[in-house]
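Just so you know, the UniProt record's numbering puts the end of the sequence shown at 264, numbered straight through with nothing missing.
Quick caveat, the hints were computed from the structure, so don't treat them as lab data.
Don't take every hint at face value.
Label pairs and their computed distance ranges (CB to CB) [to be verified]: (1) Gly253 to Ser69: 15 to 23 Å; (2) Gly133 to His72: 20 to 28 Å; (3) Asp100 to Tyr251: 30 to 38 Å.
When the alpha-carbon atoms are kept at most 30 Å apart in a straight line, the in silico BS3-like pairs for lysine-lysine are as follows [unchecked claim]: (4) Lys135 to Lys39; (5) Lys260 to Lys61; (6) Lys190 to Lys216; (7) Lys105 to Lys178; (8) Lys190 to Lys30; (9) Lys216 to Lys23; (10) Lys44 to Lys23; (11) Lys6 to Lys44; (12) Lys178 to Lys30; (13) Lys260 to Lys129; (14) Lys6 to Lys224; (15) Lys178 to Lys6; (16) Lys256 to Lys178; (17) Lys178 to Lys216.
Every residue gets a Cβ at the ideal spot worked out from N, C-alpha and C, and that includes glycine.
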Amino acid sequence: MNGKEKYTVITGASSGIGYETAKAFAKRGKNLVIVARSKENLEKLKEEILNENPSLDVIVKCVDLSVISNVHQLYKELEQYHIETLVNNAGFGNYSSVADQNLEKIETLLRLNIEALVILSSLFVRDYKDVQGSKLINISSNGGYIIVPNAVTYCASKFFVSTFTEGLARELKDCNAKLQAKVLAPAATKTNFGNMANNVEGYDYDKSFGTYHTSKQMADFLLKLYDSNEVVGIVNRESFEFELSSPLFNYSGNPKNNQKCSTL
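From just these sequences and the hints, can you work out the full model?
Dropping the structure here:
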């Protein structure tokens, strides 16, 4: 691990929220490791960042994280760097009834939205739970707190992200760890998400939603969560206001009828 330079790692950085989040962290002078499948988009992002702040180190990792062996390999390659913040943003959605959903697409969704995120989170926590200033931000969705019609499997994957991250945050707090785990839950955001989720090109957000946020707005919200002492940053589904809160799911703690827990 390089003890001098610290890095912010962002997956799914080639477009949308990940792209804008990378630029937002760069404006704060953070060195970056940007991860996605599209090398062309990552190189474009790197060029944009270095044009504004040439002193930064921006490392490009072209990786398909839906292939689980690639996830382990990516983290192995990251071990030489001091990771200050890990943002697990890679993921995609799907609009379809369960009966009609494309199972090949769903298998990829589950590997990316759940498996890759859990593996990267677990490895990061294992190495950095006692390192002051370390932060893990997992990107969920408003659909990770409420079931949206025609998006049951996607919502279930994001419920997993929300409960996993909230539970991890409580686990870390219970053992006085220094690493903070946080979950960001956007509502409708104008990204490539609409195209992928609906299997179309040129998805019309203005036609489909009365209100939505831009990727830049969501990146700004992410930084508000990053700067706060709260665990959850969520867009209110009715007002579309961004709200910070403590964990939202019920937590049993450690009452007498639970299995006795050991600390991390």
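A quick look at each hint next to the structure:
1. At roughly 37 Å, the beta-carbon separation of Gly253 and Ser69 lies outside the given 15 to 23 Å, and the hint is violated.
2. Checked against the hint of 20 to 28 Å, the C-beta distance between Gly133 and His72 comes to roughly 25 Å, which is consistent with it.
3. Take Asp100 and Tyr251: their Cβ atoms lie about 36 Å apart, and the range 30 to 38 Å holds.
4. A distance of roughly 26 Å separates the Cα atoms of Lys135 and Lys39; the hinted pair therefore holds under the 30 Å criterion.
5. The straight-line distance between the Cα atoms of Lys260 and Lys61 is roughly 41 Å, outside the 30 Å bound, and the hint therefore fails.
6. At most 30 Å may separate the alpha-carbon atoms for a hinted pair to count; Lys190 and Lys216 meet this at roughly 10 Å.
7. Among the hinted pairs, Lys105 with Lys178 is inconsistent with the structure: their alpha-carbon atoms are about 37 Å apart, more than 30 Å.
8. Distance hint between Lys190 and Lys30 is fulfilled; the C-alpha atoms sit about 25 Å from each other, no more than 30 Å.
9. Taken as a hint, the Lys216 and Lys23 pair is honoured in the structure, with Cα atoms around 9 Å apart against an allowance of 30 Å.
10. With a C-alpha separation of about 12 Å, the suggested pairing of Lys44 with Lys23 holds against the 30 Å cut-off.
11. The hinted pair formed by Lys6 and Lys44 meets the criterion: a straight-line CA distance of about 22 Å does not exceed 30 Å.
12. Under the criterion of a C-alpha separation no larger than 30 Å, the hint pairing Lys178 with Lys30 is consistent with the structure, at around 20 Å.
13. Of the pairs offered as hints, the one joining Lys260 and Lys129 holds, with about 22 Å between alpha carbons and a cut-off of 30 Å not exceeded.
14. Under the criterion of a C-alpha separation no larger than 30 Å, the hint pairing Lys6 with Lys224 is consistent with the structure, at around 20 Å.
15. In summary, the hint linking Lys178 to Lys6 is supported, as the alpha carbons are separated by about 16 Å, within the 30 Å threshold.
16. At roughly 27 Å between alpha-carbon atoms, Lys256 and Lys178 fall within 30 Å of each other, so this suggested pair holds.
17. Straight-line distance between C-alpha atoms of Lys178 and Lys216 comes to about 29 Å, which keeps the hinted pair within the 30 Å bound.
Going through the hint list in order, the structure does not satisfy hints 1, 5 and 7.
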